[in-house]
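Q: Residue numbers (the working numbering), protein chains in the order written: chain A, 1 to 344; chain B, 1001 to 1344; chain C, 2001 to 2344; chain D, 3001 to 3344.
Mixed in with the good hints, there may be bad ones.
Claimed, not checked - Here are the simulated DMTMM-like pairs of lysine to aspartate or glutamate, each with C-alpha atoms no more than 25 Å apart in a straight line:
| # | chain 1 | residue 1 | chain 2 | residue 2 |
| --- | --- | --- | --- | --- |
| 1 | A | Lys89 | A | Asp326 |
| 2 | A | Lys307 | B | Asp1011 |
| 3 | D | Lys3330 | A | Glu323 |
| 4 | D | Lys3338 | A | Asp44 |
| 5 | D | Lys3307 | C | Asp2007 |
| 6 | C | Lys2338 | C | Asp2322 |
| 7 | C | Lys2203 | C | Glu2146 |
| 8 | C | Lys2338 | B | Glu1323 |
| 9 | A | Lys307 | B | Asp1007 |
| 10 | B | Lys1070 | B | Glu1054 |
| 11 | C | Lys2089 | C | Asp2326 |
| 12 | B | Lys1307 | A | Asp44 |
| 13 | D | Lys3338 | D | Asp3326 |
None of these hints come from the bench; they were simulated from the model. On a predicted model such as this, the values are computed, not experimentally measured, just so you know.
4 protein chains.
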Amino acid sequence: MVIVMSDVATDAHLSAVVQRVADAGGEAFVSRGVSRTIVGLVGDDELFATLNFEALPGVAQVMRITTPYKLVSRQHHPQMTTVYVGKSKIPIGPEFFTLIAGPCAVETPEQTLAAAQLAQAAGATIIRGGAYKPRTSPYAFQGLGEAGLKILADVRDKVGLPVITEVVDASDVELVASYTDMLQVGTRNMQNFALLQEVGRAKKPVMLKRGMSSSIEEWLMAAEYIAQRGNLDIVLCERGIRTFEDATRNTLDISAVPVAHSLSHLPVIVDPSHSGGRRDLVLPLTRAAIAVGADGVIIDMHPQPEKALCDGPQALTHQDVDELRDVVTKFPPLLGRKLASVAN
Amino acid sequence: MVIVMSDVATDAHLSAVVQRVADAGGEAFVSRGVSRTIVGLVGDDELFATLNFEALPGVAQVMRITTPYKLVSRQHHPQMTTVYVGKSKIPIGPEFFTLIAGPCAVETPEQTLAAAQLAQAAGATIIRGGAYKPRTSPYAFQGLGEAGLKILADVRDKVGLPVITEVVDASDVELVASYTDMLQVGTRNMQNFALLQEVGRAKKPVMLKRGMSSSIEEWLMAAEYIAQRGNLDIVLCERGIRTFEDATRNTLDISAVPVAHSLSHLPVIVDPSHSGGRRDLVLPLTRAAIAVGADGVIIDMHPQPEKALCDGPQALTHQDVDELRDVVTKFPPLLGRKLASVAN
Amino acid sequence: MVIVMSDVATDAHLSAVVQRVADAGGEAFVSRGVSRTIVGLVGDDELFATLNFEALPGVAQVMRITTPYKLVSRQHHPQMTTVYVGKSKIPIGPEFFTLIAGPCAVETPEQTLAAAQLAQAAGATIIRGGAYKPRTSPYAFQGLGEAGLKILADVRDKVGLPVITEVVDASDVELVASYTDMLQVGTRNMQNFALLQEVGRAKKPVMLKRGMSSSIEEWLMAAEYIAQRGNLDIVLCERGIRTFEDATRNTLDISAVPVAHSLSHLPVIVDPSHSGGRRDLVLPLTRAAIAVGADGVIIDMHPQPEKALCDGPQALTHQDVDELRDVVTKFPPLLGRKLASVAN
Amino acid sequence: MVIVMSDVATDAHLSAVVQRVADAGGEAFVSRGVSRTIVGLVGDDELFATLNFEALPGVAQVMRITTPYKLVSRQHHPQMTTVYVGKSKIPIGPEFFTLIAGPCAVETPEQTLAAAQLAQAAGATIIRGGAYKPRTSPYAFQGLGEAGLKILADVRDKVGLPVITEVVDASDVELVASYTDMLQVGTRNMQNFALLQEVGRAKKPVMLKRGMSSSIEEWLMAAEYIAQRGNLDIVLCERGIRTFEDATRNTLDISAVPVAHSLSHLPVIVDPSHSGGRRDLVLPLTRAAIAVGADGVIIDMHPQPEKALCDGPQALTHQDVDELRDVVTKFPPLLGRKLASVAN
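Excised from the complex, chain A in its bound form:
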């Protein structure tokens, strides 16, 4: 940590800073400049962060120089993590490219099965499907709840692929985990700390979507909440951030993939469906995700998008299966990856 004293700081102000560092068992190195004095702190930065130097008189600025997360940081864990999902141990990690696909929302057994079969035909090895839907409007379809979880579990048995579904409340984690192979924490809940801690106690891998206005650092801090409770099977998911541009539902921050990979050992996937919010962008953004180095994508598919109860305009359908399979088969090898399959 570096403390910059203001240009009107007195010697007494400086001494108070140095004393507080010493009291905390740290060392303070003072560099006096012509107009400013800088104090370099050596010791436990987590402890220093609690000492509230910003509030001391004469302090102009406090700059942290170590990352505030540890367990998910790549700094002391340089090897990238592979997360394995379900009984068939579908991998998400540096050697693979994993396609997760399925319906945005579980609506009926038939629709869910049909969507899962589309997904499988396109090369997916994990099926997505929402039973609890966090919706901006209280008048929109909110999901089937536990009935939806049952449908999803049935579909898993029928297609033989693990499933992922969203959990929206800490008190539901146990129930949801009993039906699914992977838990999803959605963008609106990225800083729902009670939920993060509860999925951290679950014995299932977790996909953590980036908050729509969260910095990459805050996203990794949210992952740290999960890791702290003992669950390190975390997959990060970039799903677009909120900006002034309204031609797309959100702005896919494609750079977040290599940036997160440089900071954390966790796998990073991309959601090209919710970031763009438009069917015509799903395949281009999928190609971009593979090319930038993502470990997978998660895609909405629906047998009849025009009848979907949720996010129909962005769902891929029958006519897109061939092209999607083509993309996820041909592009990953250029990056030294292979499409994750049940046989891995």
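Position chains B, C and D relative to chain A; hints supplied.
A: Then chains B, C and D, alone, in the frame of chain A:
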């Protein structure tokens, strides 16, 4: 609702749209233009919103023209609401300006009492204090939990003013409501729908902070979730939005106050402490909040900000009491309001 | 300047940094921490900024700790500046509140005169009016050019108040300056450096609007470009920034007023018309601007807003004159200011 | 255009709207709903846009339903454009992928030539290099001006490839065009309309960078300004937008490529150097750009980045040549494109 057909839409596309409207019991008025055809829908817009017109072939754009919230809307409820807090029925509404103040976090009985007394001296009639603190880092102080609620309840008895505190998880609502006079939903939980529904069932007023990247419309939709469960004692709180500017912690969207007032009958207050994140901005932003027409402000105060466990750099302290009292006394009358007092 | 070495930096990397500092005539203080080493630089920060330390191997981060602007900084010029406009020397500065008002665009002599008279009746002492209009669409009204300048100059003679108008191209500065008392640089041109340098050579005061996505620091740097060429009669104008919120045309960053005042000695005014883009917000935002400490506001007025060629929906008109005069008369005294008048 | 009347609009308000449409030679179709009345306008939307309906009493909202640009729109020009640069007619368009590379700034003849040779070795067929540098700080290196243009012209002769350079002021266009094969309008000048019109009169192709906070629609409107003056040889360049995320210098809006392609027939390239601002992101973002369907990229290269006077931390250098050539050779064929070469 208005549907704009794409310029390559066929007559069959148009008929399909009209048919879907008719099937839903609505009427469709078709205006054929030179390059575009427009369909105006008359009927139940909430129903239309579920019909997924965006996914029909030939549809270029769907534009909603009624507000998606009802209970909190001013459209059918032009008279502004006054919310009353606690046994002493402190009002928050169009005739008053209400000062809520106190410590960001409850740390000790002494600190909480001292902060509450500062607040009271400055003119506050509701005391704030956090027992559950949602913190970006898992390594930061997370609040005292129920022990903090007890301290807060004691302070309430000592100073004789109602208290407000944040609740962060749906399963805590009953417990928190048993200790406090008003519930706070924080910015990170504005779209935690399980929590919104639970506070909607509570018998205490709710202060709903705007999500740091939520539009005003989404904020009102979140309020609608609470109202739908039967609780209409809702106070909206603007606390700054996330933008590119980093000179301030957040960017206070001062225009949100008159905009929300024009759309909703609910009171709107401002948090000048968390929006700016700097002590030197608290008083200027408080003055701006009063002048723009806010129904109150909520301010961090601390007897020893340099020792605060949370957000010390923005807390007001002893030396600010006189000026704060001056501001909340002198400015509201220019807007035809009076400072809310225990005697109201 | 502070340089943070990466945790894999070698001694050779560190030596190269220290050497480069020494070569530039500076001193480097090295603080070795457990995981990181920090180098504090003492000397000429402007020179250091050109040395490209970020590109040296082993360097993790470079942090500037002095402000990058000098002439407009308050650091060495603590007394606030008052700028005087026109022959009648209308002041804009800390003791006054100055109302600038008039039509968005000069359309006809009659409309311009009528708008100026409305402005004067409301308490304005400087008349605004655009002859060159930067418009997003090439198909929108672009202003009358020199013919508009002549109309404006005539109106000045008739109402006896100085005028301000926008200049959009460096080659027009001399012409525009010959007709007007104050030059305006618009939001889209805040980083048009050729234009900034040219108005810096002009002998007229300049109003510099903040770029719609410029940080406060960049805004002050743009002012520094003007000051560097010898013109220190600069008034900063906050006019709203671009954010995700679309209920208003831009988001007025009301905090920018006290923040800019704390960093610079220049006066700061607010444009409540273009920030909100809605007539119903102009008066509330004007009150907020006064209360937060602005030195003035600039407001669109039009005798017949429904016929305005530019920005009609936000212009104030006859029925607003009384309330505007009321606001600019009653609020400034609470801040220890008086409304600027011709007699000052 | 669609006009939505407010729910308190009277019949007189509605008649006034209909009359104004009729006066302008258009037709108005009125759809009366339960709570709202909608007016559909048929006729010349550009004319309607000037009629200021928003300012009429009783009007709640005005919605445009045609694109505000024509010449650059794909609507009446479905075939994609290929722009040819220089004597060797290097193509930028749908069948090719074009690498533009070279130094951020022209510093010396040796550095410029060395950078151009690196670029050529990596597969570049157009050389970039800035002689006029718009810099945020007036104390930063501003470019060599005409001396830089001469160096660039010399390098063009030596390497045998066309060159592109930025022009920052309308009065410089003729001079700059006399030395270069393609003109660049930078992000800060995207709405410098005087400059846009002047490059619109030049006889050289223009690369138009997106403004850092401009919507895609505004970007296309800026292109329309150029096209209107007779120059349709325009290449759009996405270079990152300003958001709250500060891990990267800007946020590359990768979706802007397919979105702009869907709206306009103009080629779209990507600047992976300035969007990320970090050397380690240049290659991943280049791969993403190719994969999403961009027609080219423009990349900073420097023989000695640690000595660069501008943007050294992001420049590629000797050790990156092989990997860059590899990427631009192997990826485009998967999209049905080939690397543009002198022999095309």
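Q: Could you run down the list of hints and mark each one as holding or not?
A: Status of each hint after checking the structure:
1. A:Lys89 / A:Asp326: With Cα atoms ~24 Å apart, Lys89 (chain A) and Asp326 (chain A) stay inside 25 Å; holds.
2. A:Lys307 / B:Asp1011: holds, 21 Å
3. D:Lys3330 / A:Glu323: holds, 20 Å
4. D:Lys3338 / A:Asp44: violated, 54 Å
5. D:Lys3307 / C:Asp2007: holds, 23 Å
6. C:Lys2338 / C:Asp2322: Given that 25 Å is the threshold and the Cα spacing comes to 18 Å, the pair holds.
7. C:Lys2203 / C:Glu2146: Given that 25 Å is the threshold and the Cα spacing comes to 19 Å, the pair holds.
8. C:Lys2338 / B:Glu1323: holds, 21 Å
9. A:Lys307 / B:Asp1007: holds, 23 Å
10. B:Lys1070 / B:Glu1054: holds, 23 Å
11. C:Lys2089 / C:Asp2326: holds, 24 Å
12. B:Lys1307 / A:Asp44: holds, 19 Å
13. D:Lys3338 / D:Asp3326: holds, 13 Å
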